[in-house]
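Q: Each chain is listed here by its residues.
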Amino acid sequence: MDLRLKRIFHHYGELEVLQDIDLDIPQGQIVCIIGPSGCGKSTLLRLIGGLEQPTKGKVLQIGSPPKMSLNPLTYIFQDFALLPWRTVEGNISLVLEDHNIGRRRRDKIITNVLERTRLLEFRKILPRQLSGGMKQRVAIARALAVDPAVLLMDEPLSALDSQTSALLMDDLTELWMRDRFTACYVTHNLSEAVRMGHKVVILSRRPGKIVEVMDIDIPLSDRNSSLEQLTDKQRYLWDLMRDEALAADQELTDVR
Amino acid sequence: MSDEPGYRLHSQKEDKQLVRFRGGGFAPRSIGLVGPLVFAVLILVWEWGSRSGWISPLVLPAPSEALTALVELAVSGDLWKHVSISVMRLVVGWTSGTILGLLVGLSIGLFSLARSGLLPLVSAVFPIPKIALLPLFVIWFGIGEGSKIATILFGTFFPTAIAVYGGVDNVDRNLIRMGQSFGLSWISIVWKIIIPGAMPAILSGARVSASIAIVLLVAAEMIGAEFGIGAYVLLAGSLMATDQLIAGVALLSILGLTVAWLIGRAERYFLNWRT
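The listed protein sequences correspond, in order, to chains A and B. Residue 1 is where the first sequence starts when you use my numbering, and the numbers rise one by one after that. Residue 1 is where the second sequence starts when you use my numbering, and the numbers rise one by one after that.
Incorrect hints may have been included.
Unchecked claim - Computed from the model, here is a short list of chain A residues facing chain B with C-beta under 10 Å:
(1) ARG46
(2) GLY57
(3) GLN61
(4) GLY63
(5) SER64
(6) PRO66
(7) LEU70
(8) LEU73
(9) ALA81
(10) ALA143
(11) VAL146
What the hints assert, rightly or not - Pair ranges (Cβ atoms, derived):
(12) B/VAL34 x A/GLY13: 58 to 64 Å
(13) A/ALA159 x B/PHE21: 56 to 62 Å
(14) A/LEU51 x B/SER123: 28 to 34 Å
(15) A/HIS11 x B/SER204: 49 to 55 Å
(16) B/SER123 x A/GLU52: 38 to 44 Å
Calculated from the structure, these hints are not laboratory results. Note that the coordinates shown come from a computational prediction; the quantities given were computed from them, not determined experimentally. Idealized CB from N, CA, C, for every residue including glycine.
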């Protein structure tokens with residue numbers, strides 16, 4: 001299943017946040033969206049998953065999602081969004097309970113995703129006992145439990161320290177190599193973007209427009225060993241973004 | 001050379017001083033036996049004062065006399081009569097007021113129509129001391145149980161409704177978005193995300209409403225009741241039977257502590273996920 005964004009415009013009242021966004025998210029690829037803070041990249045992600053409606057334009061699903069998928073468009077949030085009153089297991093169970101799945105199969109799915117995210121021994125633990133990295137792992141396990149066709153990741157590593165986020169990036173790469181999931185990955189971190197993206201979309205400051213789409217054809221598995229090329233790409237991206245970021249930083253925020 | 005960190009420091013003559021400790025404090029904790037000790041000392045001084053004639057028995061009876069009055073009350077069987085009817089009024093009034101408050105507070109928190117229609121009403125009636133409505137309730141529901149329970153119900157309903165809608169408003173919107181993003185049904189979102197998320201506020205509302213309920217219970221019983229702890233205290237006062245009066249007040253303290261303990265248990269059960 002591919003996703004296609006057609007001429008998306010979005011306003012909050014008078015404030016224009018997105019302008020004329022055309023974008024394809026092809027199956028099996030990770031599309032990274034980067035841009036200065038406040039450029040509407042998180043808004044764009046909410047539009048893609050149907051959590052918000054664009055003022056103008058359409059988000060289209062091309063082809064139907066696999067039959068097994070319980071929730072084709074699935075988010076991973078920056079703040080993890082785990083229910084603090086449910087255990088790791090309960091948090092994953094939450095997203096399965098509304099689908100007509102027997103208890104046995106539910107347990108099996110939970111065990112399976114906990115295995116894939118190496119969380120099996122934390123099954124009965126409450127979120128407050130986990131570190132940030134582990135919490136995000138639980139959120140990833142929860143997302144995998146519904147067999148998503150597209151993962152929509154909203155700055156998934158931004159709340160974590162750099163070491164944890166490096167570890168988690170390796171995990172995500174590994175997961176992608178196995179499952180070849182489709183993803184839209186929003187971040188403000190350029191090195192994350194060039195590490196994870198098959199395609200990097202650069203947005204301008206508000207109102208967000210697409211400045212450039214960069215393809216990176218180094219296979220994900222080889223990215224760790226081709227740091228030099230990645231650094232070049234990252235520098236190129238930064239040159240593109242620098243002035244925008246500076247202007248965005250100086251913008252006053254009390255617009256509402 | 002000048003880039004070397006610490007170069008200047010080491011070249012100077014060493015002048016060593018201990019860094020003064022200025023952290024700590026502002027973290028009071030309870031020390032084991034101090035509380036019971038204060039109680040014991042207070043009661044002993046009181047007892048001694050009464051026996052030595054320093055405190056007039058007409059003003060304040062000795063604690064031992066109050067205890068005797070309590071024992072007499074228990075032996076005569078009236079203790080059970082007074083306590084049971086008070087507890088019944090409290091339980092029925094508080095429970096029904098809380099259930100209604102939960103329902104109304106939840107709808108104010110969830111539906112625009114309820115919010116626009118009911119919130120102004122709730123806000124307008126909330127500040128009325130409910131005891132002022134007792135005469136009206138007596139006219140409506142009679143001098144019997146009806147008016148007393150209605151007073152407690154009313155007094156419980158408003159703080160509960162306000163606590164619940166405030167709690168619902170404060171549930172992390174990101175958690176609700178998460179529920180929607182996974183395609184959870186409306187019922188699931190309310191039952192599994194909003195209600196547990198509002199539970200801390202609901203329980204602290206219950207604490208407030210329970211203490212209001214006890215105040216109203218005693219007030220209502222003082223205005224017109226044959227039995228009940230409030231009636232007992234009032235009667236003792238008009239007979240100048242201060243020993244019975246103190247015994248009744250002690251009963252009220254025990255009642256209040258029991259209610260607080262029960263709510264504490266409920267908090268531990270429902271909020272064990274918090275630190």
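Q: Under the constraints set out in the numbered hints, which ones does this structure not fulfil?
A: 2, 3, 4, 5, 6, 13, 15, 16
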